[in-house]
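Student: Sequence:
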Amino acid sequence: MKSRTQTVFFFLSALLIVACGGKGEKQSKETASAEVSSTSAISKTLDVEKPQLTFGFIKLTDMAPLAIAKEKGFFEDEGLFVSVEAQSNWKNVLDRVIDGQLDGSHMLAGQPIAAGAGFGRQAQLVTPFSMDLNGNGITVSNEVWSKMKPNIPLNEDGKPQHPIKADALKPVITEYKNSGKPFKMGMVFPVSTHNYEIRYWLAAAGIHPGMYTKDNVQGQIDAEVLLSVTPPPQMPATLEAGTIYGYCVGEPWNQQAVFKGIGVPVTTNYDIWRNNPEKVFVMTKKFVEENPNTAIAVTKALIRAGKWLDEPENRAEAVKILSMSQYVGADEAVLSNSMTGTFEFEKGDKREMPDFNVFYKYNATYPFYSDGVWFLTQMRRWGQIPDAKPAEWYDETIKEIYRPDIWKKAAEILVEEGHIPAADVPDTDGYKPATNEFIDGKSFDAKDPLGYINSFSIGNKDNASL
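Read in order, the letters of the sequence shown correspond to residues 657 to 1122 in this note's numbering.
Hints in this document: simulated from the structure, not taken from any laboratory.
The reader is advised that the hints may include incorrect statements.
Claimed, not checked - With a cut-off of at most 25 Å between alpha-carbon atoms, the simulated SDA-like pairs for lysine to any residue come out as follows:
1) LYS747 with ASN872
2) LYS976 with LYS1006
3) LYS942 with ASP703
4) LYS976 with ILE808
5) LYS833 with ASN811
6) LYS826 with VAL738
7) LYS1017 with LYS1045
8) LYS803 with GLY917
9) LYS976 with ARG752
10) LYS916 with GLN778
11) LYS1017 with THR996
12) LYS1055 with GLY1074
13) LYS803 with PHE915
14) LYS1017 with ALA1047
15) LYS1065 with GLU973
16) LYS1017 with GLY1107
17) LYS1006 with GLU896
18) LYS1055 with ASN949
19) LYS1045 with ILE877
20) LYS1055 with ARG752
21) LYS826 with SER1113
22) LYS747 with LYS976
23) LYS941 with PHE1094
24) LYS1055 with PHE775
25) LYS916 with GLU973
26) LYS942 with PRO1077
27) LYS1055 with ILE1109
28) LYS833 with VAL740
29) LYS805 with PHE1094
30) LYS706 with PHE775
31) LYS826 with TYR868
Generate coordinates for the entire structure from the input sequences, incorporating the hints supplied.
Tutor: Here it is in structure tokens:
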């Protein structure tokens, strides 16, 4: 099925041939023939099976590639006519994709992985596109911050030294415990990056965030901090009400706490795991098998959106688009705090953070197997995968879910069309090299997941590294 753009092109080409004569007619025919041939080749590759699509998202800054692909016409360039609909929570997102009510969605990176690995609702889901890097923060209430702050060394300018480790929080948790108050924090979903990031941050300071078992999926066994699920847009209000004392969430909901004067972000996930993957775009395996060209076309549009977003001159326009009520709906001032290369911690303490939101740089859009394997190791570390698995299982499982082959097909066409340079297509087997960019200095090699898991003492709250 050809897009309206292609139809108009053919019509104008025909008029051009008829209108020209003599030598000009010959040249026009040759030019038009070459262009039509080229366009036909692309059209054949992207003969989309399902042009009318409905995608879901949660109101977070990192849904931006969907909003930009729609607003800048990248979807329509591919012959796709897309509705983008906000969803109430991550469980709703997952259920609606599995049930076919949504053709695809902005989703937590851990959701398709958990569905394939057997934790929670099981289904065959795939991701051909990683939506962003970084983008999360950990925020605490003003009261907790006032108790943490004396434990944090200061810079020469009198401001706290960053990154702030959870060591500064540990005596506060002890104080709450001794007064009979369990220390409660929020995260957005059991298999969210946020859950694993806040657990990693706490555990690196010897604070036990609790374990999961087959029979107990609350994740609070032996916990010194009780982590519970709160939908992202509700985080600031839940903090303000005193139901939780802190949370890990994506933007703009950390900056919203600063804006409202109810809390202080103490660290970002950039400092917990530098340039970590955050959200992914997910479809069912069945949808991709039945609509392979549509999947490639969607991926093309999203890659272009990521590239557009990482051009600094476009960020102000992106903020305006995201502030629209049908997308994130937050104030432009709140969105700008993180989207334009800065991040505000304590009110008035705004720092340069150019890579807080990354949508294209560092191969951000490529679905690396190694990123997915890390999520599997965290599921195993905290008991969501209760039984030991051989190393091969991690490799085999993620290759059913992450689909760099679809990404590469889309990227190769974009290179041919001149939308991205060939140098932006990574030469990789799907794995990043081992990284040593975690807050506790640990190294992660996706080809040795058991070695990584065994570097932690799973469930031993007396071991500072857990």
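Student: Next, verify each hint and record whether it holds.
Tutor: Hint check results:
Simply put, LYS747 and ASN872 have alpha-carbon atoms about 18 Å apart, close enough for the 25 Å limit, and the pair holds. Using a Cα cut-off of 25 Å, the hinted pair LYS976 and LYS1006 holds, with the two alpha carbons roughly 21 Å apart. Restraint check for LYS942 and ASP703: the C-alpha separation of about 18 Å stays at or below 25 Å, so the hint holds. About 36 Å separates the Cα atoms of LYS976 and ILE808, which puts this hinted pair outside 25 Å; it is violated.
Only pairs whose Cα atoms come within 25 Å are accepted, and LYS833 paired with ASN811 is rejected, the gap being roughly 31 Å. The suggested pairing of LYS826 with VAL738 is violated, with an alpha-carbon distance near 47 Å, which exceeds 25 Å. With a C-alpha separation of about 34 Å, the suggested pair LYS1017 and LYS1045 falls outside the 25 Å cut-off, and the hint is violated. Restraint check for LYS803 and GLY917: satisfied, since their Cα atoms lie roughly 17 Å apart, inside the 25 Å limit.
Proposed proximity of LYS976 and ARG752 is contradicted: the alpha carbons are some 28 Å apart, above 25 Å. Using a Cα cut-off of 25 Å, the hinted pair LYS916 and GLN778 is violated, with the two alpha carbons roughly 39 Å apart. At most 25 Å may separate the alpha-carbon atoms for a hinted pair to count; LYS1017 and THR996 meet this at roughly 15 Å. Proximity of LYS1055 to GLY1074 is assessed by CA-CA distance (about 29 Å); at most 25 Å being required, the pair is judged violated.
Distance hint between LYS803 and PHE915 is fulfilled; the C-alpha atoms sit about 21 Å from each other, no more than 25 Å. Using a Cα cut-off of 25 Å, the hinted pair LYS1017 and ALA1047 is violated, with the two alpha carbons roughly 30 Å apart. The suggested pairing of LYS1065 with GLU973 is violated, with an alpha-carbon distance near 29 Å, which exceeds 25 Å. Taking the CA atoms of LYS1017 and GLY1107, the gap is about 29 Å. The hint is violated against a cut of 25 Å.
In summary, the hint linking LYS1006 to GLU896 is supported, as the alpha carbons are separated by about 22 Å, within the 25 Å threshold. Taking the CA atoms of LYS1055 and ASN949, the gap is about 20 Å. The hint holds against a cut of 25 Å. Of the pairs offered as hints, the one joining LYS1045 and ILE877 holds, with about 22 Å between alpha carbons and a cut-off of 25 Å not exceeded. Between LYS1055 and ARG752 the alpha-carbon distance is near 23 Å, which keeps this suggested pair within the 25 Å criterion.
With a CA separation close to 19 Å, the supplied pair LYS826 and SER1113 stays within the 25 Å bound. A threshold of 25 Å between alpha carbons decides the hint, and for LYS747 with LYS976 the separation of about 28 Å lies outside it, so the pair is violated. As the CA atoms of LYS941 and PHE1094 are separated by approximately 32 Å, the hinted pair breaks the 25 Å bound. Restraint check for LYS1055 and PHE775: the C-alpha separation of about 17 Å stays at or below 25 Å, so the hint holds.
Restraint check for LYS916 and GLU973: the C-alpha separation of about 24 Å stays at or below 25 Å, so the hint holds. Taking the CA atoms of LYS942 and PRO1077, the gap is near 32 Å; set against the 25 Å cutoff, the hint is violated. Proximity of LYS1055 to ILE1109 is assessed by CA-CA distance (about 20 Å); at most 25 Å being required, the pair is judged to hold. As the CA atoms of LYS833 and VAL740 are separated by approximately 45 Å, the hinted pair breaks the 25 Å bound.
The hinted pair formed by LYS805 and PHE1094 meets the criterion: a straight-line CA distance of about 23 Å does not exceed 25 Å. Among the hinted pairs, LYS706 with PHE775 is inconsistent with the structure: their alpha-carbon atoms are about 31 Å apart, more than 25 Å. The suggested pairing of LYS826 with TYR868 holds, with an alpha-carbon distance near 22 Å, which does not exceed 25 Å.
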